[in-house]
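Chemist: The residues making up each chain are set out below.
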Amino acid sequence: MSNENDILLEELANKEYEFGFVTDIDMEIAPLGLSEDTVRYISAKKGEPSWLLEWRLKAYQAFLKSPMPSWQNFVMPEIDFQSASYYAAPRQQAKYQSLDEVDPELLATFDKLGISLNEQKLLAGVAVDVIFDSVSVTTTYKKQLHDLGIIFCSLGEAVQEHPELVKKYLGSVVPVTDNTFAALNAGVFSDGSFVYIPKGVRCPMELSTYFRINAENNGQFERTLIIADEGSYVSYLEGCTAPKRDTNQLHAAVVELIALDNAEIKYSTVQNWYPGDKDGRGGIYNFVTKRGNCKGPHSKISWTQVETGSSITWKYPSVILQGDYSSGEFYSVAVTKGKQIADTGTKMHHIGKETKSRIISKGISAGEGQNSYRGLVQMGAKANNARNFTQCDSLLIGDQCGAHTFPYIESRNSSAMVEHEATTSKIGEDQLFYLNQRGIDTEKAVALIINGYAKEVLNQLPMEFAVEAQKLLSITLEGSVG
Amino acid sequence: MNNVGTALYEEMIRTFDMSGASHTKETASLAHLRKEAFRTFKEKGFPTIKDEDWRFTNMAPYLKDAYQLQVPVKVEATALEALLDSTAVEEWDAWKLVLVNGQIDYSLSDLPEAGLLKISSLKEVLGSEEVSKFIGLHQNTDANRLAALNTALFEDGLFIEVAKGQKAEKPLHIVHLYTADVPSFVQPRHLILLGRLSEFTFMESTACVGGEAPVLVNGVLECNLEEGANLTHYVLQRGRRGERMVQHTQVYQARDSRYDNVTISLPETDLIRNQLQVALDGSGSECHLYGLYLPSAGQLIDNHTVVDHLQPHCESNELYKGVLQNSAKAVFNGKIFVRQIAQKTNAFQQNNNLLLGDKALVHSKPQLEIFADDVKCSHGSTIGQFNPESLFYLRARGIGEALAKELLVQAFGADITDRVSSDAVSRHLKKHLLERPVTQLQDVPHIEHI
Chain L
1 MSNENDILLE
11 ELANKEYEFG
21 FVTDIDMEIA
31 PLGLSEDTVR
41 YISAKKGEPS
51 WLLEWRLKAY
61 QAFLKSPMPS
71 WQNFVMPEID
81 FQSASYYAAP
91 RQQAKYQSLD
101 EVDPELLATF
111 DKLGISLNEQ
121 KLLAGVAVDV
131 IFDSVSVTTT
141 YKKQLHDLGI
151 IFCSLGEAVQ
161 EHPELVKKYL
171 GSVVPVTDNT
181 FAALNAGVFS
191 DGSFVYIPKG
201 VRCPMELSTY
211 FRINAENNGQ
221 FERTLIIADE
231 GSYVSYLEGC
241 TAPKRDTNQL
251 HAAVVELIAL
261 DNAEIKYSTV
271 QNWYPGDKDG
281 RGGIYNFVTK
291 RGNCKGPHSK
301 ISWTQVETGS
311 SITWKYPSVI
321 LQGDYSSGEF
331 YSVAVTKGKQ
341 IADTGTKMHH
351 IGKETKSRII
361 SKGISAGEGQ
371 NSYRGLVQMG
381 AKANNARNFT
391 QCDSLLIGDQ
401 CGAHTFPYIE
411 SRNSSAMVEH
421 EATTSKIGED
431 QLFYLNQRGI
441 DTEKAVALII
451 NGYAKEVLNQ
461 LPMEFAVEAQ
471 KLLSITLEGS
481 VG
Chain C
1 MNNVGTALYE
11 EMIRTFDMSG
21 ASHTKETASL
31 AHLRKEAFRT
41 FKEKGFPTIK
51 DEDWRFTNMA
61 PYLKDAYQLQ
71 VPVKVEATAL
81 EALLDSTAVE
91 EWDAWKLVLV
101 NGQIDYSLSD
111 LPEAGLLKIS
121 SLKEVLGSEE
131 VSKFIGLHQN
141 TDANRLAALN
151 TALFEDGLFI
161 EVAKGQKAEK
171 PLHIVHLYTA
181 DVPSFVQPRH
191 LILLGRLSEF
201 TFMESTACVG
211 GEAPVLVNGV
221 LECNLEEGAN
231 LTHYVLQRGR
241 RGERMVQHTQ
251 VYQARDSRYD
261 NVTISLPETD
271 LIRNQLQVAL
281 DGSGSECHLY
291 GLYLPSAGQL
301 IDNHTVVDHL
311 QPHCESNELY
321 KGVLQNSAKA
331 VFNGKIFVRQ
341 IAQKTNAFQQ
351 NNNLLLGDKA
361 LVHSKPQLEI
371 FADDVKCSHG
381 STIGQFNPES
391 LFYLRARGIG
401 EALAKELLVQ
411 AFGADITDRV
421 SSDAVSRHLK
431 KHLLERPVTQ
441 LQDVPHIEHI
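Sequences listed follow chains L and C, in order.
Numbering-wise, my numbering puts 474 at position 474 of the first sequence, and it's gapless, one number per residue.
Numbering-wise, my numbering puts 124 at position 124 of the second sequence, and it's gapless, one number per residue.
Hint data in this document are derived by calculation from the structure and do not stem from the laboratory.
Hints are not guaranteed to be accurate.
Stated by the list, open to error - According to the in silico footprint, chain C covers these stretches of chain L (three or more CB under 8 Å from chain C):
#, stretch
1, 284-290
2, 395-406
3, 421-430
Ideal Cβ positions, reconstructed from N, Cα and C, are used throughout, including at glycine.
Please build the complete structure, drawing on both the sequences and the hints.
Modeler: Structure, rendered in structure tokens:
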């Protein structure tokens, strides 16, 4: 049995990355290096107004001043900010009226990713904003959304067309001085998605972005800003892939969500960046700052993430529960295998009264993967009757991996309630035996158990994504038997 | 180096430079250890809130006083005896060892004849290689600068050795008395060695007498358990305003050994910081750690525990509970490490807090770091209030709200005091809970009066 396990484990470790292809597209790439000129170059390229350039420069200064963080539970790789390019865009930067005009190479790429735009057009209900290395290529379903007053476009476009909204909210949740990578992002972000849902509108379809890093030596710094006005609702999906490269690429994105009175935002991520090869060479450093602000009373923000890729994932999607009666949720499945590292979790800042939060985190470590849950639950002095429930479970597959839990729990209010529980274990032999006995082979049994284990989180994903995530999970962990 | 407690830091450097003369009888290895430990301390200084382990406990305000390091004891014997009486455990048949400002006072103690249970001052045995090799043996000085400071500068403390196969006839009650007319900085150092298959039970009580001057105690206790040894350790921490205690306890366990700890921290003291670290370095060993902390207004109680599973088939249990009132502050950080070879580990940890005061603050940080896959580990943490249903149940039976709350607090605390296997000690601990009604409602009768 153990021999069989070893073989399976090895297979798992050697599992190739499916999306590791490179697309040959004529790119316009900024010269390597980072300086104030780089910031000006990007800003000029995008024809930004002067207030934004100033904001970027302020951020760049903040970046220079802030030291590299050192509290994380992994050895921070040396990142040479000078050897990367901070801007890359497909050369043919025309506005597409229809898909026929899009570069066929690009379409082929999306075909391979399984999110072909053509198919998307037929499939009801998903509007995709595609970010191909930093620049938003096309947005589908724009017209239909436009009729409802919903703004769904690239951030660059929003800066030109809706400067008042961007100016008001950009950096309001994640200030430029927040952390090193957020500051860097604010300085050099090239594009991203912008969503505005007007008062009382329920967005009829899932909005979706697909990120892909294509160019070599190119960090991707996109920035997403979602504003849900009073009484509105939106569900937003984000997916990520990258081609196989030997060098590490940095992905330092910032996502800001703002939910006003009675609004609800649901943000789902399926992250499958290139995780590096079996020796840990290459792969994406996924250092992302995601934060939402439940600004108005009765608002709600929900984060769901399935993290299977990246050589290092380092992110904490957080919610500031500012409005009274607001609620925040965080559902996460993080899988590490090979030499992958995930240091992820969430922060829930309870400020308003009667605020509620719920955290469900499922970590799965296989091979030599290291998985850390790091979370903060903070009950402010005015958060009367606030309530939190946290559950974080870890599953270990193989004896070379690690699972770590670092919850920070803090309460200043004598009517707030906080509960936290965590468990760590391996797949039960009795469970495996039960399934084996009913004619299900070990590999399928493991997939079944893992899916059951992650069900609570997968259930939170929109339908189309849930199926994809489920597949991703079974592919990622194929043949892993504890 | 940082700028926390600069004056005291300078004082430490002066003291260390002069301390060589009084340590001449010590072994070369200890001299080396002291030097290394001091280098660590000197490099980084006192801990600050920028250190992850001290993030929620700011030492700075407690380091401002002009502490003196060598303060002669000037308290009347009668005052000491009166204080000693207050620490007495009724109906508990135990030997008694009294330390005043970290030095044994034989006149107040009641000790067994020299024999298989050896009790002496630590200073006496520091010349022996056999003993001094245990000093700082399992201590990570890099991570614990205050413990390192103690290693560098300690003068005296107690030494206990239980010989192989011996079961101590009676338990030992160790009473630490502190007294100060001028701000004093005391650094006692204790070492307890348990031979193979030996058994020993002891209780530590602390009390502070005389003077209003601040006292800062930076104590280190090291316990070394050989194969199959069994150590039971109770701690009752009680002090007065102006007293600050940092207690580092390092336990090392060999195969099949067992360590039990129950720590009760009572209100009054300005600051209590307990660092309990257990290394399970032999398969079949187990440890059980229980704690109850009851900080009062303006007080901070901080429990940092580390359980390190270094070998397979070990078990650890941990339960810490706290009741916070007024503007009390409490910190709990429990770390469990399970090393890669430590398969078949069972490790459990739980922290419950009853937050009653409007301005009270709790930081709870349970932490698991697991590198082995065939393990069962869990932790839990809660911060909450009285269960309204329980309150209603009691009130429906004619018990007033204040008393009902008091009852619930006592039931909450009983979870910990009941872990004490000695009835007399358990009663003694409960008595202290009753003496200081945690809900602070003056007219609440105690349970016994119902």
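Chemist: Each hint: holds or not?
Modeler: To see whether the hints hold, each was checked on the structure:
By the rule of at least three residues with a Cβ nearer than 8 Å to a Cβ of chain C, the coverage given for the stretch 284-290 of chain L is violated, with 0 such residues. Evaluation of the coverage hint for the stretch 395-406 of chain L: fulfilled, as 11 residues show C-beta separations to chain C shorter than 8 Å, against a requirement of three. Only residues whose C-beta sits within less than 8 Å of a C-beta in chain C count toward coverage, and the stretch 421-430 of chain L has 6 of them, enough to reach three; the restraint holds.
In summary, the one numbered hint that this structure violates is 1.
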